[in-house]
Amino acid sequence: MANRDMERGGKQNRGVHNNNNNYFYDESSRDTHWTSWLVPAIVVVNLAVFIAVMFVNDCPKKITGPNKACVARFLGRFSFQPLRENPLFGPSSSTLERMGALEWRKVVHEHQGWRLVTCMWLHAGIIHLLTNMLSLILIGIRLEQQFGFIRVGLIYLVSGLGGSILSSLFLQESISVGASGALFGLLGAMLSELLTNWTIYANKAAALVTLIFIIAINLGLGLLPRVDNFAHIGGFLTGLCLGFVLLVRPQYGWEASRTNSSVTKRKHSMYQYALFIVAAVLLGVGLTVGLVMLFKGENGNKHCKWCHRLSCFPTSKWTC
93 MANRDMERGG KQNRGVHNNN NNYFYDESSR DTHWTSWLVP AIVVVNLAVF
143 IAVMFVNDCP KKITGPNKAC VARFLGRFSF QPLRENPLFG PSSSTLERMG
193 ALEWRKVVHE HQGWRLVTCM WLHAGIIHLL TNMLSLILIG IRLEQQFGFI
243 RVGLIYLVSG LGGSILSSLF LQESISVGAS GALFGLLGAM LSELLTNWTI
293 YANKAAALVT LIFIIAINLG LGLLPRVDNF AHIGGFLTGL CLGFVLLVRP
343 QYGWEASRTN SSVTKRKHSM YQYALFIVAA VLLGVGLTVG LVMLFKGENG
393 NKHCKWCHRL SCFPTSKWTC
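Residue numbering for the sequence shown follows the numbering used here, beginning at 93 and increasing consecutively.
Heads up, a few of these hints could be off.
[As the list claims (entries may be wrong)] Listed next, with one range per pair, are the computed distances between beta-carbon atoms:
#1 LEU383 - LEU222: 26 to 34 Å
#2 LYS409 - PHE166: 32 to 40 Å
#3 VAL377 - ALA161: 50 to 58 Å
#4 THR411 - PRO174: 19 to 27 Å
#5 ASN393 - GLU202: 16 to 24 Å
#6 LYS409 - SER266: 14 to 22 Å
[Unchecked claim] Once the Cα atoms are required to be at most 27 Å apart in a straight line, the calculated BS3-like pairs of lysine-lysine come out as:
#7 LYS198 - LYS154
#8 LYS296 - LYS359
#9 LYS397 - LYS409
#10 LYS198 - LYS388
#11 LYS397 - LYS198
#12 LYS394 - LYS198
Honestly, the hints are just simulated from the structure, not real lab data.
All C-beta atoms in this analysis are idealised placements derived from N, C-alpha and C, irrespective of residue type, glycine included.
Based on the provided sequences and hints, a complete structural model is requested.
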């Protein structure tokens, strides 16, 4: 996922960067820089939850025989399921289901809506967990430093919920776990933050192309089998809207005018207000309609015949 520094320069740079360091305009140098604690805390919680899941899974107690030996049996009850069952080095599907995995039937017919949130704290295996947590550290820490834990925390949680809703509407025959929806929400928020704060960036085109490339690659990987790309798409769209609402900064012209009392300029431009309103409306309508459809038992595939290809695109190498 995002592994490029898409944010602005350090505090030592005031105003527009010179020719030797002109990647971005450092408008944020005048703002408070928060200490990132929420993102590391989320990483710790996810690790703790995974350990708890493996403790409950207790592979050696449930699987015996040479052909179904647990992986890394020296770990005792923390050993992994056989690779034929779980190639990601993790627990069984039944354990994940017991611990709160997203499953359409339980959400709709057994009224377990809490699974829309709990699923984002579970992971299918150690590879899945490490990949997501590394991505969270690379993306989330800088965002939290720039915008604080409240806004980043809201984006993370609400985006995870948005991803779960879309996943439930389209993937109703399997379970789903992982923080990918929330992570794609942070990516979406980065994109909308770039667009709504356009005036404070120096290398606008480079930043936009780089970020879109990163997003496209990650969404493209979601076309592979056994990947819940609907959670990615739902989280991304939710985070994109939230970024327009929560990550708005004063435009560069207004910052410059503060040093010249004879210049009067609005703190925010009209396009920032317009994006704020449109995004807020789309976010509210989208989440409301999605939840209503979900709890009415609607199947999203009946309303969109081709949408199933967004999560798994069949080729000669694999089937969906």
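Results for each hint:
Here the CB-CB span from LEU383 to LEU222 is close to 32 Å, well matched to the stated 26 to 34 Å. Against the hinted window of 32 to 40 Å, the Cβ-Cβ separation of LYS409 and PHE166 comes to about 35 Å, which satisfies the hint. A C-beta distance of roughly 51 Å is found between VAL377 and ALA161, which places it inside the suggested range of 50 to 58 Å. At roughly 23 Å, the beta-carbon separation of THR411 and PRO174 lies within the given 19 to 27 Å, and the hint holds.
Hint check: ASN393 to GLU202, Cβ distance near 21 Å, so the stated range 16 to 24 Å holds. In this structure the supplied range 14 to 22 Å holds for LYS409 paired with SER266, their Cβ-Cβ distance being about 21 Å. Restraint check for LYS198 and LYS154: satisfied, since their Cα atoms lie roughly 24 Å apart, inside the 27 Å limit. With a CA separation close to 20 Å, the supplied pair LYS296 and LYS359 stays within the 27 Å bound.
Of the supplied pair hints, the one linking LYS397 and LYS409 holds, its CA atoms being roughly 23 Å apart against a limit of 27 Å. A distance of roughly 13 Å separates the Cα atoms of LYS198 and LYS388; the hinted pair therefore holds under the 27 Å criterion. Our distance criterion of 27 Å between C-alpha atoms is met by LYS397 and LYS198, whose separation comes to about 24 Å. For the hint linking LYS394 to LYS198, the alpha-carbon distance of about 20 Å falls within 27 Å, and the restraint holds.
This entry satisfies every hint, going by the numbered hints stated previously.
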